[in-house]
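Residues per chain, in single letters:
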Amino acid sequence: MKEILGLEAVTKEYGQGDIKVFALKDVSMSVNQGDFLALAGPSGSGKTTMLNLIGGLDRPTHGKVEVDGVDISRLSGGALSRLRLHKIGFVFQAYNLIPVLTAYENAEYVLMLQGASVKERKRKIMSLLKEVGLDGKENRYPRELSGGQQQRVAIARAIAAEPALVLADEPTANVDSKTAKALLDLMERLNTEKGITFIFSTHDPAVMDRARKLVHLKDGKIEEIEEKESKTREPNAD
Amino acid sequence: MLTLRIAWRNLWRNNRRTAITFAALSLNTAVLIASFALMLGMLDDLVRNATDLVVGQVQVHHPKYRSERSIYDTVIKPGDILQAAASAGIAASPRAYGFGLVSHGKNSAGARFCGVFPEKEKKTVELYKHLLAGNYLPDKPGKKLVLGRKLAKTLEVKVGDEIIVVVQAADGSMGNDIYHVAGILKSMGEGIDRTLAMVHYKDMEDLFALNGTFHEIVLNSSGKMPEDKVAAAILPSAKGNEVMTWRQLMPPLNDMLNAMNGMLILFGAIFFLAAGLGVMNTMLMSTFERIREFGLLKAIGATPWRIIKEVSAEALLLGVASTLAGGAIGTFLAWYFQYHPIDLTGFAPDGISAMGVAMNPEWRATLSPETVWMPIVVMWIISLLAVLWPAVRAARLDPVKALVQV
Ligand SMILES: Nc1ncnc2c1ncn2[C@@H]1O[C@H](COP(=O)(O)OP(=O)(O)O)[C@@H](O)[C@H]1O
Ligand SMILES: [Mg+2]
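Each protein sequence line maps, in turn, to chains A and B.
Counting from 1, one number per residue, gives the positions in the first sequence under the numbering used here.
Counting from 1, one number per residue, gives the positions in the second sequence under the numbering used here.
Treat the hints as calculated values from the structure; they're not laboratory data.
Note that beta-carbon positions come from the ideal geometry of N, C-alpha and C, so glycine has one too.
Check the hints yourself; a few may be wrong.
[What the hints assert, rightly or not] Straight-line alpha carbon distances no greater than 27 Å define the calculated DSS-like cross-link-like pairs of lysine-lysine that follow:
| no. | chain 1 | residue 1 | chain 2 | residue 2 |
| --- | --- | --- | --- | --- |
| 1 | B | Lys-401 | A | Lys-218 |
| 2 | A | Lys-221 | B | Lys-401 |
| 3 | B | Lys-106 | A | Lys-122 |
| 4 | A | Lys-124 | B | Lys-401 |
| 5 | B | Lys-158 | A | Lys-25 |
| 6 | B | Lys-150 | B | Lys-239 |
| 7 | A | Lys-119 | B | Lys-309 |
| 8 | A | Lys-130 | A | Lys-181 |
| 9 | B | Lys-309 | A | Lys-64 |
| 10 | A | Lys-20 | B | Lys-401 |
| 11 | A | Lys-25 | A | Lys-213 |
| 12 | B | Lys-77 | B | Lys-106 |
| 13 | B | Lys-64 | B | Lys-106 |
[Unchecked claim] Counterexamples of contact, computed for chain B against chain A with all Cβ distances above 10 Å:
| no. | residue |
| --- | --- |
| 14 | Asp-73 |
| 15 | Phe-272 |
| 16 | Glu-293 |
| 17 | Ala-328 |
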């Protein structure tokens with residue numbers, strides 16, 4: 001299978017001099033196209049830091065981060081912007097959406113940045129919103145949507161650009177367990193049906209359980225990598 | 001366009017703040033337009049009175065005449081100048097001057113006689129419209145006088161009264177005659193009020209033995225061309241003479257006009273500065289409240305330039321919308337004051353004169369396209385300049401840090 005992401009001896013330090021904090025220490029791993037991977041670990045273990053480095057929001061102190069064959073730790077600011085726009089889709093824990101934009105416009109925004117025509121945007125976003133289960137809610141503003149629906153918009157936006165990787169930082173931490181399950185069902189379906197690669201972080205065992213590959217982080221280091229390739233999918237509970 | 005839609009909605013997220021800035025910018029624009037129009041109206045009025053009443057745009061004299069006031073320093077080849085003016089479509093009036101004594105009953109006073117061809121004079125300047133009593137000089141000579149207001153008062157004469165005139169003629173002889181008062185001028189400034197006695201040139205020629213000579217040619221295009229163009233048009237035919245524009249003839253007035261222009265610019269600059277600070281403050285506050293959102297936009301691939309564009313679009317929309325509203329109000333006010341001038345007769349019932357120039361007691365605005373679009377466009381530029389700093393600040397945010405802001 002094609003490698004889509006490779007981390008080689010990645011270290012991220014914060015602060016200078018004596019008060020150095022190692023958010024990540026000498027981390028190496030690789031992710032294949034089509035993976036459904038969870039970064040698991042307690043708060044402060046380095047999950048957000050790792051996702052930021054993979055997504056080109058931040059640069060490692062040492063080491064190499066390769067996305068789709070390109071070492072992004074050496075890219076300029078502009079190139080990182082382009083990388084985030086074309087190769088990465090982000091879903092955050094909360095406040096994912098622009099409050100003045102409707103569900104439709106939030107998802108449309110990335111395509112506008114990519115320079116797609118209004119017509120193309122419309123065709124794509126309407127079917128995407130349907131796909132994530134937001135039929136008929138296109139014109140609602142984020143404040144008119146539930147937490148779970150907002151995360152669905154965020155997922156639609158993340159995959160609208162057809163990225164190589166979708167990075168989701170604790171996407172279910174702010175919703176109840178039933179909604180969390182439904183969101184994971186959606187992500188899993190997008191992964192299996194469309195082959196979209198997901199990397200999500202969590203400290204919730206119920207969520208970790210859904211991953212097919214599980215990376216355990218502790219104090220900025222990888223403790224264990226668990227492969228669960230044979231895992232059978234549960235029936236859709238949405 | 002999505003960008004404009006986003007900008008417009010972001011603008012109205014904080015209704016109150018945006019409404020206050022909007023109102024302030026509108027008011028600013030309206031006040032600027034209305035006051036520019038009123039000031040321009042006043043300046044126009046000053047210049048028009050300065051030139052159209054007596055002085056004209058350009059005057060031609062013998063080079064020594066203005067310093068010596070000698071009856072012998074006459075305009076060289078006046079016929080050529082009059083012809084050049086006629087072919088350029090510029091009205092021209094030749095004048096002759098001379099000093100003498102006027103008396104009525106027991107009262108007498110020194111007077112400065114001014115001989116004109118009334119039909120030419122009337123085409124060149126508008127003094128004839130400003131009579132307090134009686135009529136202007138008839139087109140044909142007939143020993144009639146039009147007097148300055150204070151001169152008539154000193155002599156205690158009214159229209160139709162007889163006046164005895166005694167002068168020293170150019171040939172050295174004494175000229176004396178009996179004239180009648182045709183009319184009395186309104187207040188036109190000290191010099192004219194105290195000493196002017198206008199007569200037909202033909203009468204003057206006899207009285208002073210002038211022999212067809214003139215001391216002054218007054219030229220006026222009545223607004224058709226600027227004064228330097230008028231001067232240039234007759235310059236080749238005025239060899240040996242001194243050609244001066246009203247700006248050179250009346251340096252204090254010219255200085256005053258320049259000073260007033262300077263004040264207008266300063267006045268405008270203060271307003272523009274206030275508007276710029278208002279926009280900057282509004283945009284600083286509104287971008288500060290959205291740090292997390294800018295982090296999000298950067299995370300999903302927006303470039304710094306994109307964020308600068310979005311933030312600038314907000315300020316520009318605010319500037320454009322508020323200046324259009326304010327522009328409409330200001331234009332209406334300027335239009336109103338153009339047709340409903342402010343009446344100043346209450347302040348000065350006898351008429352106002354400043355620096356020897358009579359002013360209309362009605363203060364009228366001049367509504368020109370420039371007075372409307374210039375403040376508006378400058379306001380747009382100011383809005384863009386004012387948003388630069390907030391926009392660049394938002395664009396330079398570190399997404400990782402911005403994303404953890406709440
Ligand atoms: N900007 C920062 N400055 C200093 N320390 C930081 C910064 N960001 C994260 N850290 C530290 O790095 C470590 C890992 O943080 P993080 O990646 O946010 O963990 P997680 O997402 O797993 O909770 C923590 O100890 C945290 O305090
Ligand atoms: Mg975290």
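Hints the structure fails to honour: Violated hints (numbers, rising): 3, 4, 5, 6, 9, 12, 13 and 16; every other hint is consistent with the structure.
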